[in-house]
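Engineer: Please take these sequences and the hints and turn them into a complete structure.
Numbering (this note's numbering) for the sequence shown: 604 to 680.
Keep in mind that the hints were calculated from the coordinates and are not lab data. Bear in mind that the values here come from a model prediction, so they are computed numbers and not experimental data. There may be inaccurate statements among the hints.
[Unchecked claim] Below, in silico cross-link-like pairs of lysine to any residue (SDA-like), each with a Cα-Cα straight-line distance of 25 Å or less: (1) K646 / K615; (2) K637 / I622; (3) K637 / K658; (4) K637 / R670; (5) K646 / A625; (6) K637 / I647; (7) K615 / V626; (8) K646 / S661; (9) K658 / I672; (10) K646 / G660; (11) K646 / W634; (12) K615 / A625; (13) K637 / C627; (14) K658 / V668; (15) K612 / A625.
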Amino acid sequence: MSSGNSKKKIVKLAMIAAIIMAVCAGVSMAWEAKYPSGTWRYKITINIDTPDGVKTGSAVREVTVSRGIALTPESGP
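Structural biologist: This is the structure:
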């Protein structure tokens, strides 16, 4: 009889763990939808014809967008 009870306890704990994981996943997805973030890299290359020939220059810029909770009015977007 105790093995039946232990199986029920294991199933119950597994269900509770599954519910907790589902809630955590839902909260994570809702947070990402409400406060999106991302990073992009842009590269620009310029070629200029000069009397000495073609001169090339390039630059890479990184842009990061991150929104979070505004704890004070000054920290808002």
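Engineer: Tell me the hint numbers this structure goes against, listed in increasing order.
Structural biologist: 1, 3, 5, 6, 9, 11 and 14
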